[in-house]
Amino acid sequence: MKQQWTGASLASRFKHRFVYGLIWIGGRFLAYLFLYPLVLVYTLFPSIRRKSRAYIQKRFAPSGFFTFFKHAYKLNLTFARTLTDRAALGILGRADIVSNAKDRTLCQQLADQHRGVIMLTAHCGCWQQAAASLNFFNARKYLVYYRNPKDNDKMVHEHRSQGAPFTFINPASDFGGVVEMMNALHSGGVLCAMGDRTFGSPKNSLAVRFLGGTVRLPYSFYRLAACTGAPVAVMFFPWLGKGRFGAEIADVFTVPDLGPSKEAYLPYAQKFADALETFCVKYPYQFFNYYDFWENVYADPR
Amino acid sequence: MQTLDEIKQLIASNIDLGGADLSSFGADAPIFGEKGLGLDSLDAVELIMLLQKKYGITIENMQQGREIFKDLGTLVAYVDANRKK
Chain A
-19 MKQQWTGASL ASRFKHRFVY GLIWIGGRFL AYLFLYPLVL VYTLFPSIRR
31 KSRAYIQKRF APSGFFTFFK HAYKLNLTFA RTLTDRAALG ILGRADIVSN
81 AKDRTLCQQL ADQHRGVIML TAHCGCWQQA AASLNFFNAR KYLVYYRNPK
131 DNDKMVHEHR SQGAPFTFIN PASDFGGVVE MMNALHSGGV LCAMGDRTFG
181 SPKNSLAVRF LGGTVRLPYS FYRLAACTGA PVAVMFFPWL GKGRFGAEIA
231 DVFTVPDLGP SKEAYLPYAQ KFADALETFC VKYPYQFFNY YDFWENVYAD
281 PR
Chain B
374 MQTLDEIKQL IASNIDLGGA DLSSFGADAP IFGEKGLGLD SLDAVELIML
424 LQKKYGITIE NMQQGREIFK DLGTLVAYVD ANRKK
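Chains as they are written, first to last, in my numbering: chain A, -19 to 282; chain B, 374 to 458.
Excised from the complex, chain A in its bound form:
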């Protein structure tokens, strides 16, 4: 079983710069206007449609080509809008984060326990903006992030030529970055990570049910939670319209130390998958894992 995702951008560096230019000139509105034809042209390419085929089939079960194309276009358009909003946040410094007081209080309570917090999210909604706007956690933030050299999107702080508001931990570094992750949690920090992507050895993943199929999710974060006592907060950041995104806590749980057997942590990975599925039902065009999430999952890599 090989890693299916690459982290490379769908659009070229030039096209990203073009949209950034539109935002500079005419704000978010002008950029949005160009997105409709631009995304349509992109969606006409079979190679682009192929990237979202697995999700669309699982989520919508389209009956024919035109229905499939409609879903692919809407998915790509929402993705383009979230990227535009991310650039607009960086360039113009404007975005509205919608969250409820109960969730904000809960975030702060988790941080105040000084055991660290593992904030698991996924490649859906406006996770990029959220990473730059995690002010509701009053603690130092760490972002587990692998950047493909072919990733052409600028992160929010890069538009402003500022330092990142978080410390990066590269999962491709020595020991998968776990030394830094553990130290971040021990120091009471918030460790933000993607719970929907495996990295490195596929043996460190668990097979869970998701949208009528089986997918593999990373298991390391649950083991980290068990070892350090840090609570896990599953959070998603749906795109709510022009320049607005939500911050929603989908689940919070602690993981007891069940030993090194990965199967013991299956219920926790399933909790994450269930929360993600609920998100995909509520926001059907906001799951941006552009590869076949369901491929090659049946054989246990061990």
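Be aware that a few hints might be false.
[Claimed, not checked] The calculated label-pair distances, taken between Cβ atoms and stated as ranges, are:
#, chain 1, residue 1, chain 2, residue 2, range
1, B, Asp453, A, Val261, 53 to 59 Å
2, B, Ala385, A, Leu246, 21 to 27 Å
3, A, Tyr16, B, Glu440, 27 to 33 Å
4, B, Lys427, A, Phe(-6), 51 to 57 Å
5, B, Arg439, A, Val78, 22 to 28 Å
6, B, Gly446, A, Glu275, 41 to 47 Å
7, B, Ala402, A, Val21, 54 to 60 Å
8, A, Lys50, B, Glu433, 51 to 57 Å
9, A, Lys54, B, Arg439, 43 to 49 Å
10, A, Lys54, B, Glu440, 48 to 54 Å
11, B, Arg439, A, Thr258, 38 to 44 Å
12, A, Val232, B, Gly446, 40 to 46 Å
[Stated by the list, open to error] Think about it this way: if two alpha-carbon atoms lie no more than 35 Å apart in a straight line, the pair counts; the simulated DSBU-like pairs of lysine-lysine are:
#, chain 1, residue 1, chain 2, residue 2
13, A, Lys121, A, Lys31
14, B, Lys426, A, Lys121
15, A, Lys242, B, Lys426
16, B, Lys427, A, Lys(-5)
17, A, Lys222, A, Lys242
18, A, Lys121, A, Lys183
19, B, Lys443, A, Lys121
20, A, Lys242, B, Lys427
21, A, Lys121, A, Lys242
22, B, Lys427, A, Lys183
23, B, Lys443, B, Lys457
24, A, Lys121, B, Lys457
25, B, Lys426, A, Lys251
Hints listed in this document are in silico derivations from the structure and should not be mistaken for laboratory results. For every residue, glycine included, the Cβ atom is placed at its ideal position computed from N, Cα and C.
Got chain A sorted already, so can you dock chain B onto it with the hints?
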């Protein structure tokens, strides 16, 4: 030698080595990667926690981790020099 055996026993009892026989590995056996014990990043979590629980040792950063986890010998030397338990 005693610490080496102790650490080998600790690893064998707590980390899945895929059937590898630890008695055949000497102090120069790499801990991570394909050669040697073949531990991976997730095994690093287990190993760090084991060192903390058994010897009261914490790994401060990746640079330190690289030096300590180079092979069984460097790990043994670090444990002998820094153990609190």
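Hints and how they fare:
Taken as a hint, the range 53 to 59 Å holds for the pair Asp453/B and Val261/A, whose Cβ atoms sit roughly 56 Å apart. Between Ala385/B and Leu246/A the beta carbons are some 25 Å apart, a value that agrees with the proposed interval 21 to 27 Å. Tyr16/A and Glu440/B have their C-beta atoms about 55 Å apart, which leaves the hinted 27 to 33 Å range violated. Distance hint for Lys427/B and Phe(-6)/A: a CB-CB separation of about 56 Å, consistent with the stated range 51 to 57 Å.
Checked against the hint of 22 to 28 Å, the pair Arg439/B and Val78/A fails, with Cβ atoms roughly 43 Å apart. Here the CB-CB span from Gly446/B to Glu275/A is close to 42 Å, well matched to the stated 41 to 47 Å. At about 56 Å, the beta-carbon gap between Ala402/B and Val21/A stays in the expected band of 54 to 60 Å. The hinted range of 51 to 57 Å is satisfied by Lys50/A and Glu433/B, whose Cβ atoms lie roughly 54 Å apart.
In this structure, Lys54/A and Arg439/B meet the distance hint of 43 to 49 Å, their C-beta atoms being roughly 47 Å apart. For the pair Lys54/A and Glu440/B, the supplied restraint of 48 to 54 Å holds, since their beta-carbon distance comes to about 52 Å. Remark: the range hint 38 to 44 Å for Arg439/B to Thr258/A is upheld by a beta-carbon distance near 41 Å. Between Val232/A and Gly446/B the C-beta distance comes to about 43 Å, which sits within the given range of 40 to 46 Å.
With a C-alpha separation of about 31 Å, the suggested pair Lys121/A and Lys31/A falls inside the 35 Å cut-off, and the hint holds. Among the hinted pairs, Lys426/B with Lys121/A is consistent with the structure: their alpha-carbon atoms are about 26 Å apart, no more than 35 Å. As the CA atoms of Lys242/A and Lys426/B are separated by approximately 20 Å, the hinted pair is consistent with the 35 Å bound. At most 35 Å may separate the alpha-carbon atoms for a hinted pair to count; Lys427/B and Lys(-5)/A exceed this at roughly 55 Å.
A distance of roughly 42 Å separates the Cα atoms of Lys222/A and Lys242/A; the hinted pair therefore is violated under the 35 Å criterion. At most 35 Å may separate the alpha-carbon atoms for a hinted pair to count; Lys121/A and Lys183/A meet this at roughly 28 Å. For the proposed pair Lys443/B and Lys121/A, the alpha carbon gap of about 29 Å is at most 35 Å, so the pair holds. Under the criterion of a C-alpha separation no larger than 35 Å, the hint pairing Lys242/A with Lys427/B is consistent with the structure, at around 22 Å.
Of the supplied pair hints, the one linking Lys121/A and Lys242/A holds, its CA atoms being roughly 27 Å apart against a limit of 35 Å. A threshold of 35 Å between alpha carbons decides the hint, and for Lys427/B with Lys183/A the separation of about 27 Å falls inside it, so the pair holds. The suggested pairing of Lys443/B with Lys457/B holds, with an alpha-carbon distance near 21 Å, which does not exceed 35 Å. For the suggested pair Lys121/A and Lys457/B, the alpha carbons sit about 30 Å apart, so the restraint of at most 35 Å is met.
Restraint check: the Cα-Cα separation between Lys426/B and Lys251/A comes to about 29 Å, which is no more than 35 Å; the hinted pair holds.
Taken one by one, the earlier hints fail for this structure at numbers 3, 5, 16, 17, listed in ascending order.
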